[in-house]
Amino acid sequence: MDMSQYLEVFIDESKEHLQTINEQLLELEKNPDDVAIVNEIFRSAHTLKGMSATMGFEDLANLTHQMENVLDAIRNGKISVTPELLDVIFRAVDDLEAMVVSISEGGDGKRDVTEVVAQLKQIEKGDVVVVPQKSSSTYEQTYDEFEYTILKQSAEQGFHSYEVTIKLRSDCLLKAARVFMIFEVIEQIGEVIKSVPTVEMLEAEQFDDQFVVTVVTKVSQDELQKRIMKVSEVEEVNVRSVDLRRSVAQDESLEQKVEQKVEQVVDKKQENQEEKTTGKQVSSKTIRVNIERLDVLMNLFEELVIDRGRLEQISRELNNPELHETVERMSRISGDLQNIILNMRMVPVETVFNRFPRMVRQLARDLGKKINLEIIGAETELDRTVIDEIGDPLVHLLRNAIDHGIETPDVRRAKGKPEEGTVKLKAYHSGNHVFIEIEDDGAGISREKVLKKAISKGIISEQNAANLTDKQVYELIFASGFSTADKVSDISGRGVGLDVVKSTIESLGGSVSIDSEEGVGSIFSIQLPLTLSIISVMLVEIQHEKYAIPLSSIIETAIVKKEDILHAHNQKVIDFRGKVVPLLFLKDIFEVPVVKEDDDFLSVVIVRKGEKMAGLVVDSFIGQQEVVLKSLGNYLTSVFAISGATILGDGQVALIVDCNALIK
Numbered sequence: 166m167d168m169s170q171y172l173e174v175f176i177d178e179s180k181e182h183l184q185t186i187n188e189q190l191l192e193l194e195k196n197p198d199d200v201a202i203v204n205e206i207f208r209s210a211h212t213l214k215g216m217s218a219t220m221g222f223e224d225l226a227n228l229t230h231q232m233e234n235v236l237d238a239i240r241n242g243k244i245s246v247t248p249e250l251l252d253v254i255f256r257a258v259d260d261l262e263a264m265v266v267s268i269s270e271g272g273d274g275k276r277d278v279t280e281v282v283a284q285l286k287q288i289e290k291g292d293v294v295v296v297p298q299k300s301s302s303t304y305e306q307t308y309d310e311f312e313y314t315i316l317k318q319s320a321e322q323g324f325h326s327y328e329v330t331i332k333l334r335s336d337c338l339l340k341a342a343r344v345f346m347i348f349e350v351i352e353q354i355g356e357v358i359k360s361v362p363t364v365e366m367l368e369a370e371q372f373d374d375q376f377v378v379t380v381v382t383k384v385s386q387d388e389l390q391k392r393i394m395k396v397s398e399v400e401e402v403n404v405r406s407v408d409l410r411r412s413v414a415q416d417e418s419l420e421q422k423v424e425q426k427v428e429q430v431v432d433k434k435q436e437n438q439e440e441k442t443t444g445k446q447v448s449s450k451t452i453r454v455n456i457e458r459l460d461v462l463m464n465l466f467e468e469l470v471i472d473r474g475r476l477e478q479i480s481r482e483l484n485n486p487e488l489h490e491t492v493e494r495m496s497r498i499s500g501d502l503q504n505i506i507l508n509m510r511m512v513p514v515e516t517v518f519n520r521f522p523r524m525v526r527q528l529a530r531d532l533g534k535k536i537n538l539e540i541i542g543a544e545t546e547l548d549r550t551v552i553d554e555i556g557d558p559l560v561h562l563l564r565n566a567i568d569h570g571i572e573t574p575d576v577r578r579a580k581g582k583p584e585e586g587t588v589k590l591k592a593y594h595s596g597n598h599v600f601i602e603i604e605d606d607g608a609g610i611s612r613e614k615v616l617k618k619a620i621s622k623g624i625i626s627e628q629n630a631a632n633l634t635d636k637q638v639y640e641l642i643f644a645s646g647f648s649t650a651d652k653v654s655d656i657s658g659r660g661v662g663l664d665v666v667k668s669t670i671e672s673l674g675g676s677v678s679i680d681s682e683e684g685v686g687s688i689f690s691i692q693l694p695l696t697l698s699i700i701s702v703m704l705v706e707i708q709h710e711k712y713a714i715p716l717s718s719i720i721e722t723a724i725v726k727k728e729d730i731l732h733a734h735n736q737k738v739i740d741f742r743g744k745v746v747p748l749l750f751l752k753d754i755f756e757v758p759v760v761k762e763d764d765d766f767l768s769v770v771i772v773r774k775g776e777k778m779a780g781l782v783v784d785s786f787i788g789q790q791e792v793v794l795k796s797l798g799n800y801l802t803s804v805f806a807i808s809g810a811t812i813l814g815d816g817q818v819a820l821i822v823d824c825n826a827l828i829k
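Residue numbers (our numbering): 166 to 829.
Quick caveat, the hints were computed from the structure, so don't treat them as lab data. Because the structure is a prediction, the values reported are computed rather than measured. Warning: the hint list may mix true and false statements.
The list that follows gives simulated cross-link-like pairs (lysine-lysine, DSS-like), each with its CA atoms no further than 27 Å apart [said to hold, decoys possible]:
#, residue 1, residue 2
1, 180, 195
2, 726, 711
3, 317, 214
4, 180, 726
Let the sequences and hints guide you as you build the complete structure.
In structure tokens, the structure reads:
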């Protein structure tokens, strides 16, 4: 039987089951005696096992089967739930996720899971397994016979063998690049015999911020340490000699066995809760559609929008009532169709938010902090293209909030705060935008420290520093200069990588802002457009050329007399409702050929980005229209202040103005 036709459904459903298992395990950690949660996890694991076996992925099925045994023991009260036990199950889920990813990329889904299976078997017997934390710098390497022989022969020839534990800074952006540089340094003076995690995993950035390499070299321990420390963004290097008396491939630390009393958990509510959870199962009325088909549908509809505009124009010119009526009706129907297609492409931000509770749990354990993550508005929907891009910036901001915002429990106690810090992740709609906020009740941002840092980096001068508002000061941490901190202090860490976050969000047509109160906490607010392909614009004319300005950037339009123009700092400005607004003459910026002379009045479009405003001077306003945003293609990527183009009703091309670039 050919299974390939079911592969996509298998991959999608496996991811859903793994997501459910992850979420329910986090719930189980909070309520260790709740058998209903264990049943829920067991059901997902059982379904996953059955699907994997049917599809012929034996490794996946075997690991899930072993996990099932442990879950069965938990629900029958033979084992009690502890954070250490959950660490092992989470590791098993990580392996399962890696297998599913491998299958989705065309692999065979095979993976070495002997270690985690052994740990699960130990748990099943009732032993406590002590898993070395990833962040611990004392885990020992194990060597097979081949590696052991190399080390022995090297020692006989006068070489030193060292185990080097290297820790990168937690805010390191390009971990794989740093690893490559470290290996380059080592290979100039010696040879790498082994690395944990493996080189492939290091290249794929599948590690926290620490790894161990075994090196054979003739240089001293100190020399080796100094050389590796010279690589930037390396926080710590520990070098120790390999103990060759250790027996081959035996690592006792993993096999510490501690006797544990088996607690019997008798839950009277078990039957009731089982009934409750089964009652929730509602038949699904959804259908899976390949996203590429939706992309094709969207492209076809965009062509229809262009023709709709053309028909509306012809109808106005001919002035035929029947044609007019038909075109109006067609416009109305295509408008409804547009909403349906856009809604089909909408995905709840839940798909991105889902992976955060697990990440926060791991970070909190690594950093020794207590953190409660509250997720609000996960059902808020965004266009899939935006969803794909938004994950990484949110990871950066969450890590920032946890690492540098939330204080350690003892510091929080001293400040009179509860030991457990709260991070709120909130999404909501407002107008044509979606807002995502990350709020923490941590240390906040210190104005003095930011200014001191910005002045020392040459980002601003001391004279300007005094005049900045708090909000403008917080904006400074988005400057790329902040990424080059010499060491991670409580302020430098706050700014690392935030320039990348800002540029990613702005490339999606969004914006990010900060509000903070020292000692109370910070809020990072991201504003994103609902969709990226069809936008409302104001069409304007500059000489004989037409341009489109996105409505989301416009505050209002105005007609200004020439004598009302003022001069300040070699810049033409106007007084707009008590504010000084600089004027930008688009015909000069875009070098439009001049055909007709100026009037005594100027048509001005007032646009805003954050706190800054500008007046764009055009020749005339044409009106508001919905247009399809088309990219300019690969040849014209670096055109200043133009974000794309559109085709108008009469077949003309109008360029779409990027107001953000102009205001900068």
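Fill in: Hint numbers not upheld by this structure, sorted from lowest to highest
The structure breaks hints 3, 4; every other hint is satisfied.
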